[in-house]
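Residue numbers (the working numbering), protein chains in the order written: chain A, 16 to 349; chain B, 16 to 349; chain C, 16 to 349; chain D, 16 to 349; chain E, 16 to 349; chain F, 16 to 349.
Among the hints, erroneous ones may be present.
Copies of the same chain are indistinguishable here, so a pair counts whether it falls within one copy or spans any two.
Here are the simulated DMTMM-like cross-link-like pairs (lysine to aspartate or glutamate), alpha carbons at most 20 Å apart as the crow flies [to be verified]: (1) K87 x E207; (2) K87 x D37; (3) K87 x D184; (4) K87 x E283; (5) K87 x E262; (6) K34 x D64; (7) K34 x D266; (8) K34 x E262; (9) K87 x E242; (10) K34 x D301; (11) K34 x D180; (12) K87 x E315; (13) K34 x E207.
Hints in this document: simulated from the structure, not taken from any laboratory.
Because the structure is a prediction, the values reported are computed rather than measured.
6 protein chains.
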Amino acid sequence: MASDPSLIFTNVDYNAQGKQVDWLYLPHSVTRSAYGALAIPIAVIRNGDGPTVFLMSGNHGDEYEGQITLAKLIRELEPEQVRGRIIILPAANLPAAMAGTRVSPIDQGNLNRAFPGDPQGTPTWAIAHYIDSVLYPMADFHHDLHSGGSSLKYVPFCSMRNSGDPALDARSLAALQAFGAPLSLVWAYNPEGRLAGAAAARRGLVSLGGEFGGGGDVNRSSLAMLEGGVRRFLAFAGVLANTPAPEPRTDMRMIEVSSREHYVYANEAGLLEPLVDLGAEVQAGDPAGRIHFIDNPGREPVTCHFRRAGMVVCQRHFGRVERGDCVAHLGTDV
Amino acid sequence: MASDPSLIFTNVDYNAQGKQVDWLYLPHSVTRSAYGALAIPIAVIRNGDGPTVFLMSGNHGDEYEGQITLAKLIRELEPEQVRGRIIILPAANLPAAMAGTRVSPIDQGNLNRAFPGDPQGTPTWAIAHYIDSVLYPMADFHHDLHSGGSSLKYVPFCSMRNSGDPALDARSLAALQAFGAPLSLVWAYNPEGRLAGAAAARRGLVSLGGEFGGGGDVNRSSLAMLEGGVRRFLAFAGVLANTPAPEPRTDMRMIEVSSREHYVYANEAGLLEPLVDLGAEVQAGDPAGRIHFIDNPGREPVTCHFRRAGMVVCQRHFGRVERGDCVAHLGTDV
Amino acid sequence: MASDPSLIFTNVDYNAQGKQVDWLYLPHSVTRSAYGALAIPIAVIRNGDGPTVFLMSGNHGDEYEGQITLAKLIRELEPEQVRGRIIILPAANLPAAMAGTRVSPIDQGNLNRAFPGDPQGTPTWAIAHYIDSVLYPMADFHHDLHSGGSSLKYVPFCSMRNSGDPALDARSLAALQAFGAPLSLVWAYNPEGRLAGAAAARRGLVSLGGEFGGGGDVNRSSLAMLEGGVRRFLAFAGVLANTPAPEPRTDMRMIEVSSREHYVYANEAGLLEPLVDLGAEVQAGDPAGRIHFIDNPGREPVTCHFRRAGMVVCQRHFGRVERGDCVAHLGTDV
Amino acid sequence: MASDPSLIFTNVDYNAQGKQVDWLYLPHSVTRSAYGALAIPIAVIRNGDGPTVFLMSGNHGDEYEGQITLAKLIRELEPEQVRGRIIILPAANLPAAMAGTRVSPIDQGNLNRAFPGDPQGTPTWAIAHYIDSVLYPMADFHHDLHSGGSSLKYVPFCSMRNSGDPALDARSLAALQAFGAPLSLVWAYNPEGRLAGAAAARRGLVSLGGEFGGGGDVNRSSLAMLEGGVRRFLAFAGVLANTPAPEPRTDMRMIEVSSREHYVYANEAGLLEPLVDLGAEVQAGDPAGRIHFIDNPGREPVTCHFRRAGMVVCQRHFGRVERGDCVAHLGTDV
Amino acid sequence: MASDPSLIFTNVDYNAQGKQVDWLYLPHSVTRSAYGALAIPIAVIRNGDGPTVFLMSGNHGDEYEGQITLAKLIRELEPEQVRGRIIILPAANLPAAMAGTRVSPIDQGNLNRAFPGDPQGTPTWAIAHYIDSVLYPMADFHHDLHSGGSSLKYVPFCSMRNSGDPALDARSLAALQAFGAPLSLVWAYNPEGRLAGAAAARRGLVSLGGEFGGGGDVNRSSLAMLEGGVRRFLAFAGVLANTPAPEPRTDMRMIEVSSREHYVYANEAGLLEPLVDLGAEVQAGDPAGRIHFIDNPGREPVTCHFRRAGMVVCQRHFGRVERGDCVAHLGTDV
Amino acid sequence: MASDPSLIFTNVDYNAQGKQVDWLYLPHSVTRSAYGALAIPIAVIRNGDGPTVFLMSGNHGDEYEGQITLAKLIRELEPEQVRGRIIILPAANLPAAMAGTRVSPIDQGNLNRAFPGDPQGTPTWAIAHYIDSVLYPMADFHHDLHSGGSSLKYVPFCSMRNSGDPALDARSLAALQAFGAPLSLVWAYNPEGRLAGAAAARRGLVSLGGEFGGGGDVNRSSLAMLEGGVRRFLAFAGVLANTPAPEPRTDMRMIEVSSREHYVYANEAGLLEPLVDLGAEVQAGDPAGRIHFIDNPGREPVTCHFRRAGMVVCQRHFGRVERGDCVAHLGTDV
């Protein structure tokens, strides 16, 4: 049951001063290793009292910019630069991160659909449970770094998620302005409670997300955006010694996703030719893509359309689609 | 044996006038279908006498721009526009094209490493044998359209392959100039005889290739480049009625790949951060990428370097690498 | 939790007048499609007020007669023929239906062992939950069309399941007589609550089932029986405009399955030779099948026997058996 | 090379008198067994001098009537009933027979497309090579018992294959008449040399085949036909002591398959509804089946047609089809 | 829910006198068998009144000494030798036992991490539920026979687990002394409630375990130790007619595992060279193993160390390790 | 064709002086890496003129003592210790070595059944071809280090293989005596030409082998035997500067395997209980093992027997067997 304690163990002492780079050990008893454990890397950097910031990447294993950014941060950040505590989980769903896949090859679990998790469940759910029951309660601020994954490409943005608590949302908005991405997005349509961000909100954390790339690639400009933004987020949280909170960025574009109609889904299975560019502004009824039947080239392609106006903030990356795949989604100005 | 006849059968009559869109049937007797056949689409458009041009895509199933271009061409081109014969094989390795993979899911075969094929072999080799023993002997001109595939991204270019026959190479160069891509490439380093292009050269065809995109995505500007270029190639071949041969493009940049040293390989397994942009000009010794160990973030990354100067015409797409994966390759001005 | 709302969304308006043929979208976020959804076809035909009949097939993906019957009905039935509402789910476990398997290739789920389902579970359980929590509450009458599946072959029959509520059972019996199959069967032995039919009974629906074929084949005479019967069932329910309720069939044979002893299980693994024909009348102790050891033909076969008298209404289809596989089962006259 | 000796070893002495039931051992060195061998059952029954008959089943692992018939024969036939030698290979492709599949689960090999085999190849090819290079040269008469397999169902028949040698064909025809099935078939269209029957003809054997059932099921009436027919075939060959050659059957129907046009292939992927019954007489242009799109029930089905007149001797068994699957094939009166 | 009754059925009557060797049938409805059941062997030997002893092996499928011991006991033990009841489940997780794997090939379930189970869950959890809800409540004494499994090798020992109930632990200690292995072990560190032994303790059973071999092999001396010990355990329980309880062994070595620090985990992935022998006495800080990087032999190996003193009672068997695999564990004298 | 050049490339210069530790690159173009190569480690240590010794391990990936020995040798041996050239291939079938399996996970290839290989074949055959066509022609002496693999355990020995050339065999025997293992074995029964050792003999190399452990484990005493023996072999070959050839060991036991009858094969599938210990001396007819039917414990086990007298030099490691698996094999004194 979710109320049982986690079976994950670690040599890390979350209250110790200084910098620890070690592993969370998740027991995973299988044929190739009866007393084996998945060793999930974690770093804790603490110096005196102050807020706790919990940074996470590798929630989806095929989203890399965050993983690289946090791995660098672990090596570069020293205790004397910190005031309070920074906890970094750079490869949250480790088996997925090592396989370069969204879901874990062990249990097919999508960590970002597994909250609040299960301490006796398969690894993905056991990880979600540890984050939700151990790490979130220790933290004041949280950033979960995403990049669209293998199947989607994004105009990079930093984001927050409406929590239903206006005071908390105001603090998250301030964090978003501090992060300072040129494009910021508010997830205003929230049908899902299984997301890490939804769980963080339930725990009362000031919490950001974002999609910094996509397609399973590593984007150098997104990486640069992310490296600067994470440092500004830490400064905003007050966890960097001798670094004042940044000025909020005032010139960024602010968009939202606020309905199911922001999304376009494939109406057939086939080979998708996009009919607009990523970042384009479209009108309701504009064609989004054309699906070709390469096994039967004499058959006419079918077209799918946008259902409302907005900016094409996301497009499918892979050429092949199944009916029901997301072809694109829009953001609309707030 | 390679000299046996193909078991592939078809309703297409290669000598008939008019336009036929039908299938090659490759017998594939398995548990789910004892008398089943793989139905590989093919189109033949003939009008009177003239040269034969054979266009092919889907040699690699995860390279899409060519597949879309040729599927459109099949629907749009009518016999009266033709003088001679155009044969189009838009999804040459059909099982791979339907799966969106480089290699066939049936036999793990890479069609572009399977020539001259085997009529009694598994499907990929049987397809190679049919192309080599039936289609190539009918053709005068050939274009095999590629896009880098899931694992590589390219500055788009059209290409030819040095055949060792100066007269044939001169004709291919003229075809390349007619195609008119802004960047053209000569494969001057040819350790492999199993490629479609090498087989076409052995058959004496004027033959082009090219990489028009990459990463398993569909690139709209590459698509536009390809659609225009293929029409100019057809006109150059003299197979379009009422369309004169195009002027050769004189301002295109011409590069070559002429040694193993043009390539950079990963020296470790891990998460690859590229250190240059696609299209950059580099010097020998410049860093090409840095490999991070996300399972052990305290370990220092390792760097791999370019071995000579040139233009970064290709980079790896996926974030994860194994030792020996191609990280990037260069083209050098001719 | 089962009380949470479903994540399935749809463009269908269950209250709108007229005919809608569209999809249920079940979010399924995986590596190949981060924002993908399984698109499960559904049709709603409504005309004014009246009862709601919910027809379903593809509960098991390898049972085809119902799928064909309902697909035809969707195309043929027009709103003016209806008085009330008909909801048709022709491929309930869509991934299984597309794969031609009993269980879903995604989660190995058997939809007919997944009720009442789980909105946060894997696709099979999420589908069960939607049917149980959204579709069943809208319906008055239900028919779930089966055909034995790949591993069993049946003397075709229509069936009902004893619910424990005599009034409800009387109405279901009337429906069974209206359907009018030559053979009708009552499931009087009900150890399982996870079946669709058990869930429909818990919701108070007048509900039929039946096995109209088997072996993973499509049987033309079962198909004809099914097409006529479904129309009579609709008329019985009062949902067809201008079509009176049919006369109950009085000459049908009525059998039941009322104990574990109706079933014969394989007592060894091997190659099963049936020793009676489908439809035969047998006595307790009669041989049902003989299991041969083809890897060791000198070893004597073993025989398995019927444990009581009855009609052989079902036999295993595949030649190979494991110990514990059902070799045959009986029906006994009511 | 095919001329190398087989690596298969056995304790059987083909020249010894009496009855031996033992195994052929095919070395198969894999991780789970470094010095393992596949143990393929074989029986040899010899009594004095006389002809050699070689009976085989399990060429396709999912065709069961022959396997049962030959396993019974091995247990029942005693040396004193024999004059000469009978060699029985009841599960020729053992891994396929144990898995109940057409092709071997080890190498995906279809034994009936693997002749003349390869002694150093994977197991299916090594078995083909042993049959062709060791067993065929010992034999005078051969019967290879088939049943259509999982994907096809047949009107049961015994068959011969035109060899191109009229004298040999006349002897095979006499054998066919001796076997005495009500329906007999001549394979007059032979595009394939990789079949067991083609190899047997190259070795000069009087050789029969036949399809005695189908669909992966065990058919009791086909089994009875087969058991009687095999005994008459043995008597015809002169290998049964005290049993005279049977009278040739004169009232059997004799059909042939003599062209590609006898076959109907699926023109789309979907759910196949057959439009005729097995055994029906059809005309050119008659509909053979209708393919439904169950994922999109609003789309109109497509129909496929017979290309000539004849008797529907074979139909597809499974409901699902891919384009290129055989939907049905005809036999035409000789 | 765990409180629902099991769906497992059986012909065994647990209250009948005499010896029954039969099966538990666990319904498992899948494509290859719609009404199939897993047939798990069970034996019950009863003679009059007396205690009930429940013996189990095959909890992990790749631990064989217990399976062989109990299979022999089933054939050898006759009712007249018994006073009371002996229940034997020799292959508890049957699919794993047939596959020779720790976890079930059906659901990847580790039975010894599945208690208290789930009657509606996948097979491993359904088996755990039956043991916990049906078999444990019938028993007074229990022995669950293990052997380390494929990945671990052990100095063989019999063991008990501290239950938290001193009276129960005293009785288990007496049972351990009666069993009489030269080495006995107490599991004093119990972070897991999902083990069979933990469930047996919750049910109040006097319960033993033990690791009698390892590495996926069958050890002849462990087998001999086990065969004698099980008979002494039965005599201790008072369930053998005419056999008095054995004298407790007083010279055995008694060790315990009482902390996480008894275990050594791999700190890298690679090829593990053990640096001590199984059974050695070590000091804190001693090297336990060295991990080589065979893909990169120029890289220096890394060493992992013991964290405290003790006897090396267990070592990893396989050469390859992942970070987090157990390299060895210690026992320390009580 | 085997006469084509290898596609493997490397930065190693086999003629350069000094020590090089680098990789062989085998192009392997697949979906995850279009221009990828398998990077197989190799070391070359050269100092002046002298003989060339080629040492190899990882021919089978699950045999580890050789891999560890050669990895150490690569790090420890410096050019000044050498006179001539030592070539070391420590993980010959790299994909198998990384997976810890006998056969390659890429192509299921057993490298020791793949000689003389195929330059255009799948990786295992391409590696065999490189060894046979590039490395063997450079060498004078060869040692291929084995350890039985996952499925077999051995009394450790060093071995030679009768080549048919008495002069060569005399030199190999001298090498065997120099290696100095307490037990030495001659493979006098050679039905297979696909072995590395057979290929080395065809190339005229003085060549040793041996089985130094087994069961997929790492054996510390075998490792010690191997480390000393390899150094003595190098000294014998004259490739170590300042180290004289060792005295031949005169007290070693010398056995041979000279017939098929030295082997015992399982006569059923089940759970194998060995009935003798490894290293025992047995007589013809002695029982070798007993096979239990754990799914049906009431069935009597079957026994398999030795067919001649000898020393049990090898036994199966895994508990589960299939019919045809090697249960044990003997060596007999020369």
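message = Reference check for the pair K34 and E262, CA-CA at most 20 Å: within, between, both, or neither?
response = Intra 29 Å, inter 57 Å, cutoff 20 Å: neither.
query = Is it within, between, both, or neither for K34 and E207, if the alpha carbons may be no more than 20 Å apart?
reply = The answer is neither: 36 Å in one copy and 31 Å across copies each exceed 20 Å.
key: Intra/inter-copy verdict for K87 and E242 if alpha-carbon distance must be at most 20 Å   = within (9 Å within a copy, 41 Å between copies)
message = Treating 20 Å as the Cα threshold, decide for K87 and E207: within, between, both or neither.
response = Cα proximity of K87 and E207: none, with 32 Å in one copy and 36 Å across.
query = What label fits K34 with D64 when the C-alpha limit is 20 Å: within, between, both, or neither?
reply = within (14 Å within a copy, 54 Å between copies)
ask   = Between copies, within a copy, both or neither: which fits K87 and E315 at Cα up to 20 Å?
value = between (50 Å within a copy, 9 Å between copies)
inquiry  = For K34 and D180, with the copy left unspecified, which applies at a CA distance of at most 20 Å: within, between, both, or neither?
reply    = Neither: 34 Å inside a chain and 42 Å across chains, both beyond 20 Å.
ask   = Is the C-alpha distance from K87 to D184 at most 20 Å within one copy, between copies, in both cases, or in neither?
value = For K87 and D184, the Cα distance exceeds 20 Å both inside one copy (30 Å) and across copies (50 Å).
ask   = For the identical chains here, do K87 and E262 meet the 20 Å Cα criterion within one copy, between copies, both, or neither?
value = Classified as neither; 24 Å inside a copy, 53 Å across copies.
ask   = Under a CA distance limit of 20 Å, which applies to K87 and E283: within one copy, between copies, both, or neither?
value = between (43 Å within a copy, 18 Å between copies)
ask   = Should K34 paired with D266 be assigned to within, between, both, or neither, using CA atoms and 20 Å as the limit?
value = Intra 37 Å, inter 49 Å, cutoff 20 Å: neither.
query = Is it within, between, both, or neither for K87 and D37, if the alpha carbons may be no more than 20 Å apart?
reply = within (15 Å within a copy, 29 Å between copies)
Checked against the numbered hints above, the structure breaks hints 1, 3, 5, 7, 8, 10, 11, 13 and satisfies the rest.
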